[in-house]
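Trainee: Single-letter residue listing:
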Amino acid sequence: MQEASIHASKLGVIKEDLQVLEDLSFVIRKGTLTGLIGPSGSGKTTLMRSIVGVQKITAGSLEVLGEPAGSAVLRKRIGYVTQNVAIYDDLTIEQNLRYFARLVGAKRTQVTEIIEQIQLTEQRKRLARNLSGGQRARLSLAVALLGDPDLLVLDEPTVGLDPLLRQELWKLFASLAKKGKTLLISSHVMDEAERCDALLLLRDGKLLWNGPRQQLLERTRETSVEGAFISMVKQGKKK
Amino acid sequence: MMYHLRATVATMYRILRQLSHDPRTIALIFIVPCVLMALLRWLFDENDRLFNQIAPALLGVFPFVIMFIITSITTLRERTTGTMERLMAMPIGKLDLIFGYMLAFGLLAIVQALLASTLVLYVFNIDVMGPHWFLIVMALVDSLLGAALGLFVSAFARTEFQAVQFMPAFVLPQVLIGGLFLPLSQMPDLLEKIAYFLPLTYAIDALNAVTKNADISGDAWRDLSVVIAFTVGALLLGAATLRRKTR
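Residue numbers (the numbering used here), protein chains in the order written: chain A, 5 to 243; chain L, 56 to 302.
Simulated from the structure, these hints should not be mistaken for laboratory data. A portion of the hints provided could be inaccurate.
Pairwise CB distance ranges (calculated) [said to hold, decoys possible]:
#, chain 1, residue 1, chain 2, residue 2, range
1, L, I249, A, V163, 23 to 33 Å
2, L, L60, A, K14, 33 to 43 Å
3, L, T173, A, K129, 34 to 44 Å
4, A, G137, L, D77, 33 to 43 Å
5, A, E126, L, D77, 37 to 47 Å
6, L, I86, A, L168, 44 to 54 Å
Glycine included, every Cβ here is placed at the ideal spot set by N, Cα and C.
Chain L extracted, bound-state conformation:
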């Protein structure tokens, strides 16, 4: 037990160390969602109502996309440079490695979610009926979901070019039919059914719900649990794709 904990923490620390030598990446992780939000605020300069409608949902979407890309590239790099093979021959559990990754990116996600939420809630002053903390937690869970999915799909990429292409392939469809552009009830039946199989749908639903209702509804809690369940599922699948022995 102690040794799993030690390996997990060591891995988290190692990844943060790696990033600390790359301040530009860290800056991009933190600043890009804020810049995008500001851009949107500007775009809807004359239309507060519309901005108010989409900003909360995007608070979940932007971190999701960014974390997806960063995690998939980082893990792919570990696979292609041979450090993964070295680790697989060393005393470290597969889950230790995965949890180490999630802890490191989780810490980044906390800062990222706090920054973007603070901007939207207290600088742009959007109207949110429900508790603000729920919005922030949702944004955080969404970026963890992005990290977990990125970790999982990196197993299917052979090159960094492919890994980058997974963003439009796996992420954009979820954004398009997740209820951001059109409420689910107005979509064609089949598409609506498909949307219910995608995790981002639930994230967007929860963020919209907390904006419109003073209380956290049962549905919002359900949404949150579904997103967490998807995250855990992606992590376990990700662990299953790590192979100690190859053919």
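Pulled out of the complex, with its shape left as it was, chain A reads as follows:
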């Protein structure tokens, strides 16, 4: 049995009297690529913010890499990509990455490597303001890769990207998982779930499923995650 990277137990979050997350219990193992799948408004971002430690938790417990979520020591070990692209528009690609690299203590050579990885070498001297939406999203992703964090929490990193590039990125994610990194990637596009080892299905702040993707398909006798999602919702209603 591999060690757990994230361990949630009866986790709950209430925001402005609204129960955004309710009674979530799950384990995400080290070195896996887990998809956090659910329609918009299901609580995906709140769950991710809780894991990276910027969201106040109102019930239950959440352990990340063996520490309570939000511990200062974790900030070095987690790479986080917010849903909105969080970069400095008035800096170039290179300047953006150099700043964040200094904060996490990454080497300068890693900045060059990462720019290559996200295929922005030619544009590295351009201001972020002048980049396309997809290029900006890649830059935001690149920031999270700096300093080789053990856990990557990526909030819809592939939205609006060119299909070819999306495929490249999923290959990159898979290779990172193979190297022992843990990845949690959210998406509201069900077909992206097909690329994940394990899934968390979230709807209205409650977990419909947590576990290997293959097992979900077997359990529901469906061929796609979308079908399985619908079947899980219906099953829940019957109960």
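On the provided structure of chain A, position chain L as indicated by the hints.
Mentor: Just chain L now, with coordinates in the frame of chain A:
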């Protein structure tokens, strides 16, 4: 310790880099106080005595106002674009961020204070009895005070429109009752008492004192320390408004 220093310097460097892509803003920071001073000199063309009376105080007021606006907008932008949330999830202390900001704007403030003071002291040749360096230091500390207050109040603005409105709301009252238009002793009692709670009052008092007296009086030193204390206080309050975790 080393890592706090590294994060602070990196942040300062980053902010200066951002500004370097916006030369117009830098030019405005440096030139606007000088232009305003020149305008005033022109306005009081026939009245040297009056210009001499108000120019030193304004040497503190103009940079204060400009730095207040610039800092509040810059930090607000950091909060609204999501980079603040990203930083709060990264290994950087809240004070590292704040000090980084103050260092970057402090460097700009030094240049700004030197330019405006040089113009007033050596081009317009106003009569200053006390040491010139004290006047320049006071102008510098005032712009740092403006930056620190701007950083603090940006926490209470949701939009850039609101942040800009904080200028007339927080800054103008201090200018109006700080002793610039009317000496404190001639103001209604209650207003005078209120004025003593506002930092700009002390800045204006110090600048006037150094103009009229050959020595730096105890009062002038007290004024300087009060302005520095307000600056540090605003910075600590500003750090307290940064939240790693939100509801």
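Trainee: Check the structure against each numbered hint from earlier and tell me which ones fail, lowest number first.
Mentor: Structure breaks hints 1, 4, 5.
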